Amino acid sequence: MSDEWTVACDFASVSPNDVVRFDTPDATFAIVKLEDGRCSVIDGLCTHGKAHLAEGFVDGKTIECPKHNGRFNVLTGEPVASPVRVATNVYETRVNGDKIEFRKR
Amino acid sequence: MRDYTVGGPEAKVAEANGLVDADWYKPKVDRELMKQFMARSNGLAALHVASWFAALAIFGYLAHLSWGTWWAVPAFAVYGVLYGSMSDSRWHETGHRTAFRTKWMNDVVYYIASFMVFREPETWRWSHARHHSDTIIVGRDAEIAFKRNVPFYKFVLELFSFGAFPAELKQWIQNAFGKITNNQKDFQPPETFRISKWASRVYLSILIATVVFSWRIGSFEPMMFIGLPSIYGHWFVVTLGVTQHAGLAENTTDHRLNTRTIYMGPLNRWIYWNMNYHVEHHIYPSVPFHQLKNLHEEVKDQLAPPYKSTLSALREVVYALRRQAKDENFYIQRQLPTSAN
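Chains as they are written, first to last, in the numbering used here: chain S, 3 to 107; chain D, 2 to 342.
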């Protein structure tokens, strides 16, 4: 992940309380939009098991892994429900025009 | 003979074959629909839990009133199933934290139900996570309850926890004195061991207090309400639970081949919290109990045909377990729809 802004997707393409997947050649990400429209980009793969968080359930500020129901705070990356124990990476995220962009913090 | 030891030689074989934390088959479901299926409801879960506790209170009161008469037999029979069997599905769903929307509500019911179904909560939380990562993968899954090459009579004895209860009690005692078993070390993070130790101490204290109280009043009636129902009331969930995976394929990465979905009536589905839709639950563990029927309707064309009744599934299970007692290579092969990938 570079320090340059990367365009992930159109802002309108993600529903509130939802998440979509975004892949680069060497990494995969989960683009989360909260109910109030705030967006957050986190690592796509769960830190506990082999599952993509883009298939998970967004509820408030948390996202639930679709495989074991572990939860992360999408704004801080902190684990908030077992079996997740290791925080996930959260990227600096902005809405630029109609695009969601992110870069390494 | 197949070695089911978790972390044993079969675990290395599974890893070499790419079966550890593997990618599993998933049917196609529209994302918007899936979001609806995954939504949680505190109100609905509270209603279901309240109905369970109400049934326990009613039949517990009837059992107490009838103590000393023959009417106590049917009263305790029902109370026992409500306590020792119905707690299993509440334990399971709140363990996934999908019953209630609010985390602590799931956790409160989870700790109560864990005691009732006689499972140390922290260890079983992690063993169940492993069960979902590596479902019926030999050497990895600690919840393969119905193994091959086991005489059939041993499964019959398990209706009343003849093997499981002493093993679990032994672990509680070991944990209470600070000893962690090899099984726990294989799938449970070390920082959670202290929870297992304290949960075991609390649960054992409740059991000991019940025994002491029974001794003081000169009647084993209190033990019929607390502790013993985990044994005498467990048979019903074993009868339902044996249908989940027993007799099907091992070491596959397709839940349609190692798990059953069975149509059940409303009473069984209330007791079992819709775990009869077990294929769907394994593929999508984020879907709460009250949406599994709807999920089933959406994906059923991509799955193997469901069993029409509990009895039809049980017939197959009994046949398969009897065969597997003599031939460990035998298993039931499910037919997948040709339209599904």
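It should be emphasised that the hints constitute simulated quantities derived from the structure, not laboratory data. Keep in mind the model is a prediction, meaning the values are calculated, not measured. Mixed in with the good hints, there may be bad ones.
Quick list of in silico lysine-lysine cross-link-like pairs, DSS-like style, CA-CA up to 25 angstroms [as the list claims (entries may be wrong)]:
#1 K63/S to K101/S
#2 K104/D to K309/D
#3 K29/D to K13/D
#4 K148/D to K171/D
#5 K186/D to K52/S
#6 K309/D to K63/S
#7 K36/D to K198/D
#8 K27/D to K294/D
#9 K29/D to K148/D
#10 K36/D to K309/D
#11 K52/S to K327/D
#12 K29/D to K301/D
#13 K29/D to K327/D
#14 K104/D to K52/S
#15 K148/D to K13/D
#16 K63/S to K36/D
#17 K198/D to K186/D
#18 K27/D to K327/D
#19 K52/S to K29/D
#20 K52/S to K27/D
#21 K171/D to K52/S
#22 K52/S to K106/S
#23 K148/D to K186/D
#24 K36/D to K101/S
#25 K36/D to K148/D
#26 K104/D to K148/D
#27 K52/S to K101/S
Cross-check of the supplied hints:
no.	hint	in the structure
1	K63/S to K101/S	holds (21 angstroms)
2	K104/D to K309/D	violated (35 angstroms)
3	K29/D to K13/D	violated (32 angstroms)
4	K148/D to K171/D	holds (21 angstroms)
5	K186/D to K52/S	holds (21 angstroms)
6	K309/D to K63/S	violated (41 angstroms)
7	K36/D to K198/D	violated (38 angstroms)
8	K27/D to K294/D	holds (17 angstroms)
9	K29/D to K148/D	violated (32 angstroms)
10	K36/D to K309/D	violated (28 angstroms)
11	K52/S to K327/D	violated (36 angstroms)
12	K29/D to K301/D	holds (11 angstroms)
13	K29/D to K327/D	violated (39 angstroms)
14	K104/D to K52/S	holds (23 angstroms)
15	K148/D to K13/D	holds (19 angstroms)
16	K63/S to K36/D	holds (16 angstroms)
17	K198/D to K186/D	holds (13 angstroms)
18	K27/D to K327/D	violated (34 angstroms)
19	K52/S to K29/D	holds (19 angstroms)
20	K52/S to K27/D	holds (14 angstroms)
21	K171/D to K52/S	violated (33 angstroms)
22	K52/S to K106/S	holds (23 angstroms)
23	K148/D to K186/D	holds (22 angstroms)
24	K36/D to K101/S	holds (23 angstroms)
25	K36/D to K148/D	violated (36 angstroms)
26	K104/D to K148/D	violated (34 angstroms)
27	K52/S to K101/S	violated (29 angstroms)
Hint check: violations occur at hints 2, 3, 6, 7, 9, 10, 11, 13, 18, 21, 25, 26, 27; the rest are consistent with the structure.
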